[in-house]
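So the sequences go chain by chain: F, S, B and U. The numbers in this note's numbering rise by one with no breaks, and the one at position 273 of the first sequence is 273. So the mapping is simple: this note's numbering equals the position in the second sequence, first residue as 1, plus 1000. So the mapping is simple: this note's numbering equals the position in the third sequence, first residue as 1, plus 2000. So the mapping is simple: this note's numbering equals the position in the fourth sequence, first residue as 1, plus 3000.
Everything labelled a hint here was simulated from the structure, so no lab data went into it. Be aware that a few hints might be false.
[Unchecked claim] Just so you have them, the derived chain F footprint on chain B, three or more residues with Cβ under 8 Å:
hint : segment
1    : 2180-2192
2    : 2329-2340
[What the hints assert, rightly or not] Only pairs whose alpha carbons sit at most 20 Å apart, straight line, appear in this in silico DMTMM-like list of lysine to aspartate or glutamate:
hint : chain 1 : residue 1 : chain 2 : residue 2
3    : B       : K2138     : U       : D3363
4    : B       : K2190     : U       : E3155
5    : F       : K272      : S       : E1193
6    : F       : K190      : S       : D1363
7    : U       : K3170     : U       : E3155
8    : S       : K1190     : F       : D35
Virtual Cβ for every residue (Gly too), placed ideally from N, Cα, C.
Residues per chain, in single letters:
Protein chains: 4
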Amino acid sequence: MIDPDVISRSNENALEHLKADYDALGEHLSRRRIDIEAIKAKVYDFGVAIPSWGVGTGGTRFARFPGGGEPRDIFDKMDDCGVIHQLTRGTPTVSLHIPWDRAPAGDLLSKAEEVGLGFDAMNSNTFQDQPDQNLSYKFGSLSHSDAATRAQAVEHNLSCIELGQSIGSKALTIWVGDGSNFPGQTNFAKQFERYLNSAKEIYAGLPADWRLLTEHKMYEPAFYSTVVQDWGSNYLIATELGEQAACLVDLGHHAPNVNIEMIVSRLIQFGKLGGFHFNDSKYGDDDLDSGSIDPYRLFLVFNELVDSENVEGFHPMHMLDQSHNVTDPIESLMSSATEVLRSYAQANLVDRNALSQAQDANDALTATNILKTAFRTDVEPILAMARLDQGGAIHPIAAYREAGYRQKVASERPEVSGAGGGIV
Amino acid sequence: MIDPDVISRSNENALEHLKADYDALGEHLSRRRIDIEAIKAKVYDFGVAIPSWGVGTGGTRFARFPGGGEPRDIFDKMDDCGVIHQLTRGTPTVSLHIPWDRAPAGDLLSKAEEVGLGFDAMNSNTFQDQPDQNLSYKFGSLSHSDAATRAQAVEHNLSCIELGQSIGSKALTIWVGDGSNFPGQTNFAKQFERYLNSAKEIYAGLPADWRLLTEHKMYEPAFYSTVVQDWGSNYLIATELGEQAACLVDLGHHAPNVNIEMIVSRLIQFGKLGGFHFNDSKYGDDDLDSGSIDPYRLFLVFNELVDSENVEGFHPMHMLDQSHNVTDPIESLMSSATEVLRSYAQANLVDRNALSQAQDANDALTATNILKTAFRTDVEPILAMARLDQGGAIHPIAAYREAGYRQKVASERPEVSGAGGGIV
Amino acid sequence: MIDPDVISRSNENALEHLKADYDALGEHLSRRRIDIEAIKAKVYDFGVAIPSWGVGTGGTRFARFPGGGEPRDIFDKMDDCGVIHQLTRGTPTVSLHIPWDRAPAGDLLSKAEEVGLGFDAMNSNTFQDQPDQNLSYKFGSLSHSDAATRAQAVEHNLSCIELGQSIGSKALTIWVGDGSNFPGQTNFAKQFERYLNSAKEIYAGLPADWRLLTEHKMYEPAFYSTVVQDWGSNYLIATELGEQAACLVDLGHHAPNVNIEMIVSRLIQFGKLGGFHFNDSKYGDDDLDSGSIDPYRLFLVFNELVDSENVEGFHPMHMLDQSHNVTDPIESLMSSATEVLRSYAQANLVDRNALSQAQDANDALTATNILKTAFRTDVEPILAMARLDQGGAIHPIAAYREAGYRQKVASERPEVSGAGGGIV
Amino acid sequence: MIDPDVISRSNENALEHLKADYDALGEHLSRRRIDIEAIKAKVYDFGVAIPSWGVGTGGTRFARFPGGGEPRDIFDKMDDCGVIHQLTRGTPTVSLHIPWDRAPAGDLLSKAEEVGLGFDAMNSNTFQDQPDQNLSYKFGSLSHSDAATRAQAVEHNLSCIELGQSIGSKALTIWVGDGSNFPGQTNFAKQFERYLNSAKEIYAGLPADWRLLTEHKMYEPAFYSTVVQDWGSNYLIATELGEQAACLVDLGHHAPNVNIEMIVSRLIQFGKLGGFHFNDSKYGDDDLDSGSIDPYRLFLVFNELVDSENVEGFHPMHMLDQSHNVTDPIESLMSSATEVLRSYAQANLVDRNALSQAQDANDALTATNILKTAFRTDVEPILAMARLDQGGAIHPIAAYREAGYRQKVASERPEVSGAGGGIV
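Chain F extracted, bound-state conformation:
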């Protein structure tokens, strides 16, 4: 963890400017009849989970260029996640990926307590073969044509639930790469039927207080068809399984030009939005930092979420899912968590009564300008003050660099080679 004195010193230098900015914003918002303290309080309560794999440097199929101090195991990863939360105060949980992060439950719980984190959803992996695995997932897992391979994949998911129960997780997220690379390689209907049957077996093993989140993705690693290719198929799955099943939306998993915020709305409306993988993308599943490419799109997603905050039973899970290929992953995750919180704060500035009136009157320009006004408000002072209030850093990246954390772990953790990727 970072030495609190380093954070304090960093904050001291920045405090005066922050106060001035915060006060000015407070006055401005009060002119818009918005209470800045109320917005800050909402930010306090909002958290986004860190994926354990996100703290390692990601790669592409061409290469991976590791940085210094790559985490060696789940305990190193949790140390890194602890630093992220220490500085940002916005990432209270970590999401494990099995088998990468498999460890004794007691050890995981001890480490979690040490670094001040809890556990978010469990993530299973049937898109890779493991050294000790009997049957290969080359041609699929939950939807494989071979019953024994499907059974193996189901069993793996059940074991993820088992571990998750022992560490306090309350959800299982399933993403599979099953699909095909050639027209005709698979029979679409039979493959989907097999997926559904496998998923039902997993669902049958779900504890009563758990949720099962399934994730759709248009393509990659399969390049002609993917068995859970879009929200339509994902909705069918969640409906077939039952009340505890819902859809997970990864912002980078859609076709070009698709209106993602409308998909978010539809899934909320029909009771099947379970959670998010936040990231950004320009081309495909680029897994870029949240808000780095199209920050307005992220805001529009949060506009839907905030608009439905009071829908009964609607408690979506929030997680980052990114691949950090050219940055320090800790820095990217701190920055990305901040972008998610920023969108949430901005979405809370929307004048929803005025918006409803403009919508009913078909006054499109007024309606859209209400959103734009909220979006272009610079809420950084709110985010920074919320961090400060909770013991974090006004400038998390600066404080992190001042603390020399990366250099420290680079000296403690041996260098790793550059092969392979391994990021969802």
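Given the coordinates of chain F, work out where chains S, B and U should sit on it, guided by the hints.
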């Protein structure tokens, strides 16, 4: 109609070559254990509907360049449709668009008998304002924020059913342009709710032997969001409405790169595929001639349809829906109907037992080559012989040109100006 | 024009809040070592042209829903453009479209003086047929296979230059819809050769102090191929023609996912960026309001422009080019001009020295956060104060509505029918 | 290599049917006034290079699932390539990738003679770090901000030329992954300038009888910008470098919906088309088997190539570049080479005089049907007979399976683990 002597003369010249090609293909297929006569018999039975608006020259928002002899009304259009069926023998029905084609039922029936056609699905129009219309659809129709406007749109659809009943149609197809051009212009959930409620009112007026087909489209004329934007939303609609409701798939209405044949499969699997609008596209809803851009995609769609031919209760409707901007519409429609029939014939050549075996064995290359072998078989002799057997033309376009039909109607029908588009 | 008293009253009510916001922003920027007055001065000097056709309601190929008070001719249009500039002080010129706006030069100049506007680039139209036209552009204009049709199109462009010279314009913008709807319809190389030869004839008639801007577009109205389909072809044209020729970039004319700001950079680097058509899009050439869909993209384009402001000889032209289908066009154009100015102001906040250092050090996160910091600064007070300083409105849309301009012209100008589109 | 007796036996069984099909096709073509023997002779002369890396199983960033008998080094790879050419007679050369394939020139030449192959273009690799490498390519290679890193990358390319000269290669192909993942990470203009300067240093070391081919790609591994992102930038490079430089087109490296055959035409017209990487794609750079997704697009590319066959100095290089993730790579490469030859043969069936006439007359339907008629002709008998005539297999995949080659090498070559990708 075309003078039968012209067709006969045209066929006489082509007959010898056709026979040689047909015999050679028959021998080749027999080596693949396929009976050419059985395939031809299937082609006999397959028909695709012509949209009444397709026989007029289409346009874009920039311009429309009419050709000679543009049809002036539904009766001219039915004359043109009659010629298409006379020469191709594959387009036995016409699909009306209301109010463009509104006319006394008796007159429509008389004309249909005269030209040898029946009536396919009725198409309503609430995406344009009509001169005698009380309330504007500028901001939507079935999902408009104003109840009276929604009621007007519902009423229009009910009137389409009424006319359809009197001329023997058995389906209503609904496509609306409702959506928004700005983030915030509409509330997605409320707008969809309003659409559903309006659609339920129409459904309540549906005769017991009718089907209600709803059509999804990603964008255009709305450019930020569209209320029925994809098959996911369309499926929700069809499910909410009831058993007589199903989805209509237009091949040009999807996001870039989307796997359409998989959507077809999903809708069949869940009992909600109602019909097709065939066309081709390279960019958006280009409404190009069927099979002109990506003929293999059309084949892959038919591969799904043929694979499910024996699914109980699965009887999708087939219609062309194209905009002919630079060709003689009659020629394009004859050519396009032929492409649809070609894909259907090719899909009937797939060795489905071998395909299933290859799929179960994950022998991807063998599986895909089974499809490719069917696709690359030149079935033109089968299509031509099927036309000839039924009194049509071996070479429909050549016969049509020899008959001078376009010149004839150009002399009878006054020239029209070039403004406006008006093609779905 | 709007009664100045209305503007004054509107401003009076808003002045106190503006001053508070402006002062607070000034202090904040001074902490970032930025002089707010210097930024405001840059905003004073920046103008964006209004396209004459933009003040009419646009449409799609399906329908056009006109609003009240549609302009009847170029003089009505210039009245509307005058109001836009009166209130925003950011749109000092209007860009004419011939033949739609053809009128005696003296009348145009008188009207321009009356409403306080100048004339930007001339726009030719060879994508539609005019009533008095000998040869049709159905199959192309500058690249038509027929020499006489090409000559007619060349002649039209030369006449646009002639009129432009007499009213003080200094540029001709050429956009053609030439292309094809079917593979094989045209020979790509021959068609492009013909385009180049026609363009050379126009270029030969260009006055020494004029520029020739050619505009590329991926598709529409042609749906298989377009003769000037992308910046690569456009660059070839500009290079073949000579020094006075350069490329015009319309933000909505590219393939999905394309990095437009990089195209902007390439064209600047190779001396061939001539100007812009600003708008926004989600799917294709949607012609939505600038900054309404992806405001960060607009900022990134301006980041390139500001970064190259001191490149010798680089003086790009700026114009809006939008289709206002569901809003009052005057309101949309005021709002859009403001968005363009906003991006320009934000791009002037980028700390370019720090950016260069971060780039050289491959510190990607610092570099991108420098851009984000500039982008998320709410510069509305600067824009509003710049308007106020120059006699415009603090809140242009509010002032416009208070003035009742639309109601006034609606009572003066007869209603028009809803047919047709006609927006570039 | 495969035992010739196995091939003979395989051919014996298929010969009768082939002769019948070939004779029937010959008669059919003679009715279209095409000499089947002339087409077959053209097929004899056409070859496509195999990339050395293509015979290994490919993967994605998520996983690689190796098959049995993976080649261990370039000599194993050349054995596999030899088998492909032995059976198909259409792949006379192999293209090396350095450093993966670095070996003593003499050993390479001996092996090439043994397996009956020559060497196509050399491929450099500066998109990965090698164990013995001083400076990392994490932030770029030829365009890196650091001069020493650029020099290292230049040096590597020069060493590729050196090795290539000693084994008879006549071209260097450069593809780099340089770009950025964040707006602002790089300065577009400076980065491109650095690329150009590095490329000029390589070009300066090019032997007089060599060509330098540069390859553009829209994205991946960089996900915000790529330094050679499209044919426009690639054309600028080839022009800046000089006469021996030209562009390489990989069919999967373009934005969605882009008309690739038109890019091919433009590059031919301006003398800068150097070669191809053939493959197919549905979403991004999927590297699927040639012709497996959109065979008509492959045909349309060859339609351009055949149309320009007689352009002086136009001798493009042809290579497959695919990633075989779920098939036996040898089978996929045989099948894909056949698809390339198929498109070439079909493009030779186009009636170019009739096509020109239809184009000049703007008879779009006739023009496109001329292409479709060529495309739908099943030329498999020509391809098979050409293989047979030259000692190959009538059914290459069947013969390959009968020979048990995969089982043989699987027993000789040790199993490899599943990590990593490594396919261009």
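Each hint tested on the structure:
1. 2180-2192: violated (count 0)
2. 2329-2340: holds (count 3)
3. K2138(B) with D3363(U): It holds: about 12 Å lies between the C-alpha atoms, which stays within 20 Å.
4. K2190(B) with E3155(U): Since the Cα atoms of K2190(B) and E3155(U) sit roughly 42 Å apart, the hinted pair is violated (cutoff 20 Å).
5. K272(F) with E1193(S): 16 Å, holds
6. K190(F) with D1363(S): OK: K190(F) and D1363(S) at ~16 Å, within 20 Å.
7. K3170(U) with E3155(U): 18 Å, holds
8. K1190(S) with D35(F): Violated. K1190(S) to D35(F) sits at ~28 Å, over the 20 Å cutoff.
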